[in-house]
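Chemist: Put chain B on the given structure of chain A with help from the hints.
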Amino acid sequence: MELLHNLGLGFQVALSVHNLLYCFGGVLLGTLIGVLPGIGPVATISMLLPITFQLEPVSALIMLAGIYYGAQYGGSTSAILVNLPGEASSVVTCLDGYAMARKGRAGHALAVAAIGSFVAGCVATLALAAFAPPLAELAFKFGAAEYFSLMVLGLVAAVVLAQGNLMKAVAMIVFGILLGLVGMDTVTGDQRFTFDRPELSDGIGFVVVAMGLFGFAEIIVNLERGGSREVLSQKIGRLLPDRADMKRAWGAIARGTGIGSLLGVLPGGGATLGSFASYMLEKRIAREPHRFGQGAIEGVAGPESANNSGAQTSFIPMLTLGIPPNAVMALMVGAMTIHGIQPGPQVMSRQPELFWGMIASMWIGNLFLVVLNLPLIGIWVKLLSAPYRLLYPAILLFCAVGVYSLQSSVYDVLLASGFGLLGYVFIRLGCEPAPFLLGFVLGPMLEDNFRRALTISKGDLSVFVTRPLSATLLGLALLLLLAVVAPTVRRVREQAFRET
Amino acid sequence: MSSVRAPADFMAGLMFVAVGTAALVVGRGYRMGSLLSMGPGYFPRIISVLLVGFGLLVMINGLRTQGATPDRPLLRPLVLVLAAVAAFGLGIESLGLVLSTALLVALSCAAQPGRSWLEAGLLAAGLSLLGWAVFVKGLGLTFPVWPQAAG
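Line by line, the protein sequences are chains A and B.
In terms of this note's numbering, the first sequence is residues 1 to 500.
In terms of this note's numbering, the second sequence is residues 1 to 151.
Chain A with its partners taken away, still in its complex shape (with noise of 0.2 Å):
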């Protein structure tokens, strides 16, 4: 069993007390942000990528990693007891997560959620270990004009599935490609965009554009609103569901973890959406729909599990092809560069340890995450009542040192400054932040196969089209936008995001 095998290297690797150590700090610091709204992993992340160059590539993966997957778990704490989702993908755990809180049944939503996300986290781990192997394994055909395709499939995927308006999610992406030409051309050697500043001859840093529209953003707008919010004081009540209830919990976290791996993988899916489809599942074929949003144990434990898992499993394309299909993981790919790995299929030959070591690390996070979750519920909820009004100051401090201490570039924090400008500009125009980062991440790397596979094909434009797997990918891209211009598709995926 080879998959065994790799396991037991992976094993090997997270559990060494120096690993261990990141993958607790991860997952704890990401409960912490998951439970905090107004804060997520990207801003988190991102303010953390400078700090992790100082460790060992594993350990910072690992780290980082913990802090997505942990936030999943987070999330659902201040979504089951405040009414306020930590982060986008614990929107749905709301509506019923609360309700049973108000009933007072805070405990068992609580616990249910935990029990689901580690079961989801459990099969996600195990996903991640059986597929990402022969993904890369055809990865290593790929051209640069499968390359392309793929990353046409990827972009256009991001768009159908995101939230809201599809042709401004579409110029956003390209107004994203279009920032991440600004730099030296990595060909010719000419300078594009540059306005003659030779801090941007090397583009803009990745961290810069994720912090302004991210991090500083959303602090504007937090305090725009007021930025204080309110903490009831629920008894949170007996942890463990009885019997009934968990029989109904464990098909909706089985139907969960299913759906949350499978939207996990695609480009634009990440936790979110696995979220979202699965609490429309389980109230579809739930025998009383009518117990939605009454408290229904099915509408914590599906979507729960759904984060989870999607949050796991969107790993996959990033590690075996080297592309990010959200934001966070562009992040972990930012993350990966700066210590000199080139995210891709030649990860796992080249660096098993890593690639296993952080797969490995997954499903002991889960497990640290479910001992932080379940005794210790009673801190975080202290947590929930930390005042904004202390926090913000703090995490724009933390951001800006992040900042410059990545190139000790006074520039570079300035320039965050303009992108938190452009970041609240977005926001206020009804413009997702999240396209344009995939597009701002993707745009060189499409740029530079596009180049490479007309080159090869000398000039010939053709070649993406009679290519069979190039023709294929861009076959299913251009499939997709039809499904969504269609009036059926488009009144589906409406209603589905509106019904939450």
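In short, the hints are calculated from the structure, not lab data.
Be aware that a few hints might be false.
[Said to hold, decoys possible] Covered by chain B, according to a simulated footprint, are these stretches of chain A (three or more residues, beta-carbon under 8 Å): (1) 165-174; (2) 179-190; (3) 215-222.
A virtual CB, placed ideally from N, CA and C, is assigned to each residue, including glycine.
Modeler: Leaving out everything else, chain B in the frame of chain A:
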């Protein structure tokens, strides 16, 4: 502008068109090259044209369908939060960590009306200490803690 039914969409489209046009103007001198060997200008030009195109579509969409009007921005948090970050960046190399932190905390606290200055002072002191412990002692990042003499 009464015919604009979705002002947020319309303005977003306008932004895309403006950025795309600006990119075309700034990049007008970049060599195009050919499909076989693309110059630095080839891909940016495709992308800029796409951005203008999609921007126009978003604008038209904003004229035709009903949609949201963006809220009036509140200047106080916007300006002060961004200024807090910028001030920290400008100060860190000459004023050092402690004073830059104080500056950042002061400006960012001012972003919320009715803050207590005592609390802001305590927060600044606490965060300076934390920042020093984490970044300078813990991670060994090199930046001055106290103001530097000229230069």
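Chemist: If a hint holds in the structure, say so; if it does not, say that too.
Modeler: To see whether the hints hold, each was checked on the structure:
1. 165-174: holds (count 6)
2. 179-190: Three-residue rule met by the segment 179-190 of chain A, so holds; n is 5.
3. 215-222: holds (count 3)
Violated hints for the displayed structure: none, as all numbered hints are satisfied.
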